[in-house]
Structures are given as structure tokens and as C-alpha cells.
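Colleague: So the chains spell out like this:
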Amino acid sequence: MLNPALARHDPATASRLMLTLLALALLWPGLKLSELDLGVLFDGSNADTMGTFVSAFWPPEHSGEFLGLLWHATLETLAIATAGMALALGVALPCALLATRAMSLSALSRGGRPAWWAQALRWPVRGLLIVLRSIPEIVWALLFVRAVGLGPTAGVLAIAITYAGMLGKVYAEIFESVDPLPARALLGTGASRLQAFLYGVLPQATGEMLSYSVYRWECAIRASVVMGFVGAGGLGQQMDLSMRMFAGGEVASMLLTFLALVLLADLLSRMLRWRFA
Amino acid sequence: MSTLKAPPRPDCAAEPEPMVKLAGVGHTHAGGQVALRGIDLQIARGERVAIIGPSGAGKTTLLRLLATSLKPDQGELELLGKQPWTLAATARQRLRTRIGLIHQAPPLPPRQRVVTAVLAGRLGQWSLFKSLFSLIFPLERQGAVDALGRLDLADKLYMRCDQLSGGQLQRVGIARVLYQAPDLILADEPVSAMDPVLASHTLGVLGREAQRRNATLLASLHAVELALEHFPRIIGVRDGCVLFDKPATAIGHDELTALYANEQLEHAPSSPAAPPPQLNIPRC
Amino acid sequence: MRLLSRLLIPLGLLGAVMAAFAFLQLESAALLSRDGLTQMGAYASGFMTPDLSAGHLQAIARGTLETLAMSAIGTLLAAILGLLLALPAAGRFGLLPQAASRLLLNALRAIPELVWAALMVLAAGLGPNAGTLALALHTAGVLGRLFAEALENTPPQPGDALRLAGSGRIAAFCYGTLPSLWPQLVAYTLYRWENNIRMASVLGFVGAGGLGQMLYMSLSLFQEAQASTVILAMLLMVLAVDSLSAWARQRWVRS
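Protein chains in written order, with my numbering: chain P, 1 to 277; chain Z, 1 to 284; chain F, 1 to 255.
If we strip away everything but chain P, and leave its shape as in the complex, we get (with noise of 0.2 Å):
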């Protein structure tokens, strides 16, 4: 019986000093091109400027007018994310008909594997949608306030690609993953493919979509707010003015709001995909 004890070495400190020697070499690179350094913050000027900042968060700003301001802002970023949120089905909706390999006709008659030039045929969708997906929102968001302008536009076209990226794949992926059996059986008695999704796959698949739909929504509302950092409108945009002004009561109170709304929409969101489950 080999005799761990009797090797002079312990057999993990090669494997172990390696693990630290490539630890510290990616460690100093890190610590370069982050520039990381936190005596800024506690550097002179600095820390005062940032002292008044955010001695000016209490009391929070409650004036009428900045009340009414805020009040506006919050409406438009659950507008935008609302919007965005509809436009994003009407795109994502045939986007998954087409991307989804559970509506194939060539399936049929191949015990569920479709033939290949069927699968070829999807990419271009599936793909298109791993675009749109992958491209963080707030990119878009930057894109579009360049094309159409500063305000609600641009976050609600952000917010309608990206998640009809999201949305479209895992539509795709639900109808995929429901029992094939109805819609087959619809196909084989000469249903249009259209037909058959209404009656055989979507009953079924309504309440899972609907609940991930809902989810999206509470995310696109935060989306929405860190969007308006760039110019897309809503509580962000007011956010980012406050802050350029050093108004720390303002950006208080939009925090405050901000939370309250984040909030609310996880109850709703809870409430609503509790009912469709």
C-alpha cells in the first residue's frame, strides 16, 4: 500500500503554489488597469465635496413642485417599462413561432427531429435574438437617444429589443417543453400551423409565459430607471440631472422613490404570477 505520509511532500502544494503564483501575477494586472485605489475617496477635496453631497440627503427633498416633478417621473419610467414591455411581446411572440422547433411540419414525420435544412431555417431567428439579447440594454438605450433624441422614446425602444431577445427565447424554449401530442395531432388532421400553436401548444403554455412575462416587466422597471442615466427619460434622467447638480436632498427622495417602486412591483409581480400559476 503506497504510504502518503513517507512522500516528503505534501502532494497538494504543487498544485496549491501554482493556484497562488497565478492568483497574484492576474492579481497586479487587476489592480493596474482598475486603477483601483480608495485613498481617493478619503482624499481631501474629494471627501469633502462628497461629505456635503451627501449630508444634503436629510432631510429629503419634499417641496410641492419637486413632489410633482418626481411624481411625473415615476409614471414615465413605469410607462417606459410598460411599453417596452408590450412592444417587446409583439416582436418576441413571432419571433418564438419561428425560432421554436415545436411547431415543425418536417418533425412530423420524423419522430420529433426536424429534417436539417428545417433547422438551418431557424438560426437566422435564433441568432437574431442572441443579438438582440446580448447587447445590454442600456447600449441600445445609448444608440437610440442618439437617433431619436433625449427622452421616454429611446428607453422604450431599449427596452422592446432587448427583451423581445429575451422574451422570443424563452417562448421558444416553453413551447418546446410542453407535450408535443395535442399539436401533432392537429397537424396530422390538416390544422394550418397557426391553428395548431392556438389550440394545441398555447393552452398549455399560457400560464408559464405570462409568469415569466411578468417577471421581465418588474426587471425592465429597473431597467428603465438605469436607463434614463443616459438619457432615456423617466427617474433616471432626473437622477443623473440631481446628482450634476450636487442636489443630495433630490436624489434622496429619488432613491427613496426608487426603492418604494422597486418594491411595489415585486408584490405586484408576486400577486399577479401567484394568480397564473
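Since the hints were made in silico from the structure, they are not lab data.
Incorrect hints may appear among the rest.
[To be verified] What follows is a set of in silico ranges between Cβ atoms, one per label pair, in the way DEER data are often shown:
{"#": "1", "chain 1": "Z", "residue 1": "L128", "chain 2": "F", "residue 2": "F93", "range": "12 to 22 Å"}
{"#": "2", "chain 1": "P", "residue 1": "L22", "chain 2": "Z", "residue 2": "L139", "range": "15 to 25 Å"}
{"#": "3", "chain 1": "P", "residue 1": "R193", "chain 2": "Z", "residue 2": "Q163", "range": "30 to 40 Å"}
{"#": "4", "chain 1": "Z", "residue 1": "R111", "chain 2": "F", "residue 2": "Q223", "range": "50 to 60 Å"}
[As the list claims (entries may be wrong)] Short derived list, chain P residues pointing at chain Z, Cβ under 10 Å:
{"#": "5", "residue": "A12"}
{"#": "6", "residue": "T13"}
{"#": "7", "residue": "L17"}
{"#": "8", "residue": "L19"}
{"#": "9", "residue": "T20"}
{"#": "10", "residue": "R193"}
{"#": "11", "residue": "E208"}
{"#": "12", "residue": "A260"}
[Claimed, not checked] Per the computed footprint, the stretches of chain Z lying under chain F, defined by three or more beta-carbons under 8 Å from a beta-carbon of chain F, are:
{"#": "13", "region": "61–74"}
{"#": "14", "region": "109–115"}
{"#": "15", "region": "183–196"}
Glycine included, every Cβ here is placed at the ideal spot set by N, Cα and C.
Let chain P serve as the given structure and place chains Z and F on it in line with the hints.
Modeller: For chains Z and F alone, coordinates are given in the frame of chain P:
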């Protein structure tokens, strides 16, 4: 040598500084159940004492009091000449480095390697930097090899704790305390997961180690024969009280019958021994 | 009742969507007019010819490395800070520190990375430093909560036993608790790092360094060709990270 010392009676405590001194110590569990009451006990340096008694008699509670894991509700507790609960926290930690507790189910992290688990015995004496370095590149490896070697486990040095059997794990727990080299060794059912031969051998190792370093050894045991074989002084505990405290040679059938009286009736009328040790296979 | 809710929820959703469009008064007419479309087309065509010159690619490589460094260092800092906050949040130091640290973790987590980045740019100036700090702060909130949960589910006995043998708090934690906790800490941290790579690439929009800052600059200077290359780089990075993590998950988690 220590076997020659007369078991100290409360009236003739000749030792200048007893290692363990309890006066009227009592403890009540959080649920209100009285675990120990009015314990008077003195144990000198170098003594080897076994605590026997039926399940639920308070053996484990007594050991945990001595390990400063529990604080007594009544009475005075003195360990190595100090009262642990009147000390400041840092001084108490220093005192604790001189007390080693062997657990029935050694609490070792499953993913930890045996070498690290054994070396952890001396954390109280190591600097923080040394401890952290040793976590990755074990220092004082030879110390761990020696401690494990005495328990025939040297070949398990680089194994992970979750690859060991219950009995092996108990021996790793013992090796950790051997490596800690404390002045007061406490052992709570240290051999419960081992077969009788190995259990006897392991207790022998533990006893010789205590003798060699003139350390005090206090162990609770289910198996009366093992206690009588390896320990010069036997303390019988029942219902939270000390029933007898005698040299092993003076323990006869009467004492044992009194100690386990109702247990026999309740559990197994045919067997005169203690209830079979519940084979609590230790999980890390 | 059932009929009511079956009818009410879809109607409510429809109403919400209509209200949203009405509120925003989207200039869809202007957007979809011949004029608007040609303008959009002209703008989009600028992106069709990405700038692949060596100099620009080199700048992008540097930006990508900067983004990766920001995400890695930010996540590392966050893991350290998160662990420090998770200890009190798991109730190791009593009730008051527990409540306080939980509140702090929730606050750190609730504010999005980009908002932190905007704040950090104010506090620490432009550049990747602000982005790293922003990622560290938000991620510390996320990881701290996850770590605290993991810590609560880790058995305390090994650490307690070491404390009883006289070891210090930190050493007892490292030898008693960390070995059981370690795999979860690593898994959570890697998962957040994946997320942060994506995030780090856009924090530059508020001036916090990385690829985002390059993109923002080139768009501000109307250099669509250069911007297009940056977007391509982002896309490639996201896809690479996605497939790498999918592979790693299959390799390490399933088996």
C-alpha cells in the same frame, strides 16, 4: 508514578494545586432539567480518571463544564489553579489552550484534510499569520505525522475527513488533542465508534501519553471493563450526583449494581454491563 | 369571482399598456414617417462598416482588459466586504449588529450598479477606479446576503471546538467554518463575476471606465464606425463569457 498517588479524599487533599477542583458545582439545562447538582471533586496533576454511569447521568455535562464549554450555575470551578469564569476573555482563551477536549463525534469539517485538522489543535498557540499560512501550506507537518503515527493513522495524513470511517475520525480527533499537548485532557466517550480491541489499544495510547507528559486525563466511558482496565481512579455518576469515587481496585459488583440499578431493569435485564454504547457514527 | 378575475386581469393589463402609450405620447408618426426612417437608416448605416484598423483594435483590446480587470477586482473586493458583513448579518455578534448589517446589505444591493457608478464618479473622479468601486459596493450587498445565508446553514460545532481549545476567533473561523463554507463562497462569487463582466462593460456610460466609456466617447464624437467595433467587442465578450460559464457549469456542477 501517578498510579502510586493515593486518590485524594476531600479531607486529605495533599496536592498543593489540584488540576481540577469543583466545590458544590451544579448545572441546569436551558429546559429546566437539572443535569448536575452539588458536585465536589478534586483531581491532581497526572491522575487518570474514568467517569462511568448510565446514559443521561450527567457525564457529558460534567466534561463540558470542565472544558469551559458550559458555565456552572452554582458552585466554584477551578481549573489548573484558575477560576475560568472570573478571568477576562483573553486570559480564559489562554487557559483553554491548556485544556483539550476529545469529542465523541469529532467536529471536523468534512472537506478538511487530516493534516490540517490535526494541526488545528495548536491554533491557540500560533500567531494569526502562521495559522493562515498553515491553512494553505501546512507547517509543522512532522508534529501531525507523530500524533497520527501514535494512533496508527500516519498513512491518512493527506486524506479528507469525509473519506474516513467513524472510528478513524475519532482517532483523528484524539490525534488533534495529542498534538495540542494540553495539561488537562478531557475525553467524552473517545472510543465509542471503535471495536473493543482498537478501543482498548487507543485508550492505552492516550493513558501512556498522559503519563509521559504528567498530564491529567479525565474520560467518560460506557464500557466499564475498559474503565477498570485503563484508569486507576473511577468516578461513578448517576442522576447528576457523584455516587462513588474510588480506586479501580476497590470497585466491586456492589458499586456497579448500584450505579446501573434501574438501567438493568429498564434496558436489558440479562446483561450486567452498561447499556450498549449507541453507535453514534461521527459525521464531520 | 373567478370570471371576474379572468376578465379583470387581462383588461387591467390592456388598460395599463394603453395608458402607458398615451402617457408617453410616443411620436411614432414622426418616427415612422419617411423622413424619420431615412434618418434612422442613415444613422444605422454608419454602423455597418466597423473600424477594424490596428490602432483602434488595440485600444479596444485595452478597453476589454480594463473591463475584465474592473469586474474581477470589483468582485474580489465585494467578496471580501460581503464576507465581513455576512458575519454580523448571520447573527455571530448579537442582534443589534445583525439588524444593522442586514440593513446595510439591503441598501447596498437595492441601489443598481450604474447609480453607484454615477455616485462614485462624483466621489472618486472619472475612470475605472469609480467603476470598480461601484461594482464592489453593489455586489457586496448581493454576495453578503448570499454568504450570510450560507453561513447560517454551516454547522458551528467545528469552530466552537477550536475556540474551546483556545484558538482566536479568526483562526477558528478559518479552520472550523471556512472549509465547509468555501465551495459555496466560490460558486456565488464566480456567478456574480460573470454578471459583473456584463455590467462593467456599460458602467463607462457615466464615466466609470472600460469599454463603455470608449463607446460613449465615440458616439459623442459621431464616430459610428468606431462605436460599431466597440459594440461588436462587447457582444463577443458577453457571448464568450456565456458559453464559458455554461461549459464550466456543465463540467463542475453537474458532475
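Colleague: Indicate, hint by hint, whether the structure satisfies it.
Modeller: Outcome of the hint check:
Checked against the hint of 12 to 22 Å, the C-beta distance between Z/L128 and F/F93 comes to roughly 19 Å, which is consistent with it. At about 22 Å, the CB distance of P/L22 to Z/L139 agrees with the hint of 15 to 25 Å. Here the CB-CB span from P/R193 to Z/Q163 is close to 57 Å, at odds with the stated 30 to 40 Å. A hinted range of 50 to 60 Å for the beta carbons of Z/R111 and F/Q223 is consistent with their spacing of about 53 Å.
For P/A12, the suggested interface contact is upheld, since its CB lies about 7 Å from the closest CB of chain Z, less than 10 Å. Interface hint status for P/T13: upheld, as the beta-carbon distance to the closest one in chain Z is roughly 6 Å, under 10 Å. With a least beta-carbon distance of about 8 Å to chain Z, the hint placing P/L17 at the interface is held under the 10 Å criterion. Hint status for P/L19 relative to chain Z: holds, with the closest Cβ pair at about 9 Å, below 10 Å.
Taking 10 Å as the C-beta cut-off, the interface hint given for P/T20 holds, the closest approach to chain Z being about 7 Å. Annotation: interface hint on P/R193 violated; nearest CB of chain Z at approximately 54 Å, more than 10 Å. Taking 10 Å as the C-beta cut-off, the interface hint given for P/E208 is violated, the closest approach to chain Z being about 38 Å. The beta carbon of P/A260 is not positioned within 10 Å of any beta carbon in chain Z (closest approach about 42 Å), and the interface hint is therefore violated.
Using a Cβ-Cβ cut-off of 8 Å, 3 residues of the region 61–74 of chain Z lie near chain F, which meets the minimum of three, so the contact claim holds. Counting residues of the region 109–115 of chain Z whose C-beta lies closer than 8 Å to any C-beta of chain F gives 4; at least three are required, and the coverage claim holds. For the region 183–196 of chain Z, the proposed coverage by chain F is not satisfied: 0 residues have a C-beta within less than 8 Å of a C-beta in that chain, short of the threshold of three.
The structure fails to meet hints 3, 10, 11, 12 and 15 from the earlier list, while all remaining hints are met.
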